[in-house]
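Peer 1: Here is how the chains run, residue by residue.
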Amino acid sequence: MEPDVSIETGAMIRVAVLPVGHVPTPLLRDYAAMLLRHGSVSLSAISSFYTEHQKSPFANQPWDSGSLRFKFVIGGSPPSPWEDFQSNRKILAVVGVCHCPSSPDLDDVIEQFGVKCKGYASALVRRCFAFCPSDAQLEDGSKKDSNLKLFPPADRQTQEFHLQTMMQDVAASLLMEFEKWVLQAESAGTILKTPLDSQANFSSEELIKAKKRRLGRAQKTIGDYCLLAGSPVDANAHYQTALELARLTGDYFWYAGALEGGVCALMLDRMGHMDPELVDEVKYRYNSVIGHYRKSSIQDNAQRVSPLSFELEATLKLARFLCRRDLAKDVAELLTNAADGAKSLIDASDRLILFVEIARLYGKINYQRKAAFFSRQVAQLYLQQENRLAALSAMQVLAMTTKAYRVQSRASVSEHPLDDDVGQGSANGGKVLHQSIVSLFECQWSTLQMVVLREILLSAVRAGDPLAAWSAAARLLRSYYPLITPVGQNGLANALANSAERLPSGTRCADPALPFVRLYSFPLLSSQVDVVKRNPSREDWWMGSATSGPFIYTPFSKGDSNDSGKQEVIWIVGEPVHVLVELANPCGFDLRVDSIYLSMHSGNVDPFPVSVNLPPNSSKVITLSGIPTSVGQVTIPGCMVHCYGVVTEHLFRDVENLLLGAAQGLVLSDPFRCCGSAKLRNVSVPNISVVPQLPLLVPHIIGGDGAIILYEGEIRDVWISLSNAGTVPVEQAHISLSGKNQDSVISVAYEALRGSLPLKPGAEVTLPVTLKAWQLGLVDPDNASKSGSGITGRHHKDGNSPMLVIHYAGPLTNSGDPTANGSAVTPGRRLVVPLPVCVLQGLSFVKARLLSMEIPAHVSESSPIPAFGDGNSTKEALSSERKLERLVKIDPFRGSWGLRFLELELSNPTDVVFEISVSVQLENPIADINKAIDQDAVEYSCPKTRIDRDYSARVLIPLEHFKLPVLDDSFFLRDTHSNGASTSRSSSFSEKSAKAELNASIEKLISKIKVKWHSGRNSSGELNIKDTIQKALQSSVMDVLLPDPLTFGFRLVRDGSSDAAVPDMPMASMIQVEKTASEGCMMANEVTPMEVLVRNNTKETIRMCLSITCRDVAGENCTEGANATVLWSGVLNGITMEVPPLKETKHLFSLYFLVPGEYTLVAASVIEDANDILRARAKADSPDEPICCRGPPFHVCVMGTA
Amino acid sequence: MATTACFIIVSRNDIPIYEAEVGSAVKREDAAHLHQFILHAAQDIVQDLAWTTSAMFLKAIDRFNDLVVSVYIILNPLYLPGSRIASSHFDTKVRALARKYL
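Chains as they are written, first to last, in the working numbering: chain A, 1 to 1202; chain B, 10001 to 10102.
Just so you know, the hints here were simulated from the structure itself, not pulled from any lab data. Just so it is clear, the structure is predicted and the values come from calculations on it, not from any experiment. Possibly wrong hints are sitting among the right ones.
[Unchecked claim] Using C-beta positions, here's what the derived DEER-type ranges look like:
| id | chain 1 | residue 1 | chain 2 | residue 2 | range |
| --- | --- | --- | --- | --- | --- |
| 1 | A | R270 | B | L10067 | 49 to 55 Å |
| 2 | B | N10013 | A | A33 | 39 to 45 Å |
| 3 | B | A10020 | A | D347 | 36 to 42 Å |
| 4 | A | T623 | B | S10083 | 36 to 42 Å |
The beta carbon of each residue, even a glycine, is placed where N, CA and C say it ideally should be.
Using the sequences and the accompanying hints, generate a full structural model.
Peer 2: Quick look at the structure:
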């Protein structure tokens, strides 16, 4: 059988092309290519070379439209035993190709050519084309044999033209030879034999039969020559005669041959114009041809030589003719029939050719699986031959099947169009995603794939192609390890190793073997070197830009991440970067990865290789790092792996798809899960861009990076040094706070940082930060309860510590890199410095309570000034010292009726000593009236209280001086409402606001009180007593804050009313009294003029009924009754008075003490027509209830007359 | 003659979802592969033929040597493309039927 046969083959003149002398292979290929262009020479072109010696037998030759066709057989071929049967099988011409520079002796060339031509007895024309002759050769050659044609050196076009002319000459010569042959055959006849006839040579019967058949066979052969001469009409005429004769003599084989020639003539006549009629005609006739060949082979069944190959060839010819997509069914049927014939073929090479042709034809109608099937049959036939060249052929044929079986090497696949579909699918929804994943794994006939790969491996090993063997073993191992036994896996590993030994080191292969590599995580920059995009139009340039920081969620980045769907990562030139990948070795042998590094096609990152050992069935997460070298985008498609002596690229995307397939059950096994690794994680490579060098601040807390241990409330300065470790100066910097307990950072020296800008590379700046430790109990109730026992534990938690967030940036554009995009602004950075504060429990509150102290005042000449000075005594100029004195010490003459203290009981569970000092910051109560005098708040301090360790102590805080100067409705009305006393107008809103007002005033009060502590040499802080005080004051805040509506005072009157005009001047006299009568005592048996002062603290006039009582030590009223010991003049009871708002009224009276001793004077009054404010202040229950006001008791010390 | 057969269910997207070598002949690995190779290749014929006929059973549509390929084209609307038939019950049934009729 012959390859590549078609119906038109019958009309082709076979020309052997032989190299003569030494012709270098590329040149031979080049010369042959030039020749091959002249596969068809038109008859019109050869007329100039043609001379009609006799009358041409080709009477109907189409000189204007016909042509001669050549089939060049490079290297020649041995004569076919069937060349008598089909003349096109004869080598009718020999063309020698000579390269003159390598064959200097032309005589030698001619001789060699002559020798070569001897093998081709059938050749009618012989020519030797000698290319590139030297001048000497040209001169020499022209005298030589006319068959030697020299092609003088010229340009390509000229040479081609020359060759064309030569071929036309050859064609004309051939045509003349054909005429000669036909004329001779017609006149003298010819003996034509086929191998079918040879055996019956000696049978006389057969001889007679052969004689009968000779004529028909001669006609058939003349028809063949007519076809070769390009004259289909003549050919047809001869074939018709031949058919008749063959039919008569029962020469079915030749009958079929003539029939076949007839179809060829028909085709030639139609000049390739295909129409359905022609197709039907050809189909019909060829089926007949096939039928007759079959008939002849049945007839000659007994013979050793079978004409089966002609039947198969005819089948293939018809199939090739019909080979169109729409006739695929017919073609497939023909090819199936042809394939059936294979097992009857005796010659293995015939079978090979048959399968090759079948595979090619199936491929032409796009039956790729069929084509692959027969290609594999071809490969198996090659492999049976067990030699290197056959194995090489097998390997090449199998390589062609890999596409159909979906096991192709990645080297043969340029792109992955399906992968894009997957990307789109994931965006469109689950169903689409599933389908596109399915399409990734379609045609996964794993059994077949393994067989094919194994055969490729076998043939590659046999053919001595280590790279192909490595690639096949890699594909087999990587894709089908779950189906391969551990022994088989080991075998493949050995195959990989053996192949690698034959390969030069550093060989690359497109197909990865092991391990499986997937992206594990993409570590973001740590909070220390975080990069923030800069918005140059804003002062706070870091706002609104998503950071690559440690926080998963930021409100700014949320919207962005949804839009882009991909993270953005910024790398900085010169700063090392890390990527975590997970490797898996699901096979049963130890895997040694010689080196693995990130594959970065962008070329602006230098990756660092690492080597890894993977035990059987194990996975490992490793860190791959690199250093960005230049600005630009970075893509990381996968890793480069040097394993088993070959460098391969492992793409993350492939493994991603594989894992997706595994998740859908489409792939046999998930290599990571079978190694015990965690579930599928969706990690995608973010968009990475490399930016120019940035400044890099490195923080350092002076005094050690350990925790800053503070007691609750402790205030301490911490120094943080920042040094610029980058290569670019810091030009902008801004500090903000973040995290919990931000208010524990009292101050940060922003100016120190700002003042140090620009911070040059290598420069350092130190920032003082003042910290105040927070309350443990308030922040962390768990810890507080644990430490309640008094054991001081360290409760350092990062989560509780505040953080300094420093946004800083270098110059806006990096001047060092002019290629950088002008619009691109170099990003800034963010440094997060956690302040590692560890708060220890300090002093703890045991309880807080409000105490009231009742010490009566002594009646003296001085005016008993109410806690908040007189409104009308504006001229009074009290020194702050005096006030201070009054606050902290109780004036024995004035008393401290209703003075309130906040008592804090503190315990010290720590092992150090604390000293407590209380200070009250007090605004001057008359500041608003007398601003010129007391503008600043005055601070009063109490003596320090020391609390030893494991002891408790109480601290008193006086609350007296917070009283408001005026009792009016501004505060009070709302308070009434809030109490809900007698009003139905109360609304929730006013209640709320009233409450808020109340709380605000309490808070105001509290803020004035500061309880500070010291411990040791440098620990000091402040107790947070806010809540405690608030709790203690909540119930009695009115009493603390609000003045009584009326205040009462008693005074001695020496000189009538003169004192009253200047109430606070008589200090001298008072002192005098004190001197003469110790402690300002009065003398018995003397008329002592006194006055009672009633001050109205409200803004409305109050009418009242005042009464004064005097009691002795026993508490008996001593002005009334029979045993009265005190006589009086003036009115003491039922004094009706009217006190204008914020004024005071005096009432004069005199007492005469009969008995020396201690007396108490008390003034009380019943307010008439009390308004709401007064009622509310008195907490009256009913509107009819009389409102009484009682003054504090005043002591009177009466001395006996000496 | 020893009968041997290979039964394969192929889903759309050309994914074999069930495979069974049945029959009385001694099982040879090569043969099993050949069966699968033939069935795989026959799909080219089936995919063209399926559109030209309404029949669900396509008898002897392809052959190689003595091996004949027949195909049922059926449709399961509840099938999730790509999923494999892993039911051992189904496998047992198929083999039982094969013993009965082959």
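Peer 1: All hints are to be evaluated individually against the structure, with a verdict given for each.
Peer 2: How the hints compare with the structure:
| no. | hint | verdict |
| --- | --- | --- |
| 1 | R270/A <-> L10067/B: 49 to 55 Å | violated, 40 Å |
| 2 | N10013/B <-> A33/A: 39 to 45 Å | holds, 43 Å |
| 3 | A10020/B <-> D347/A: 36 to 42 Å | holds, 38 Å |
| 4 | T623/A <-> S10083/B: 36 to 42 Å | holds, 38 Å |
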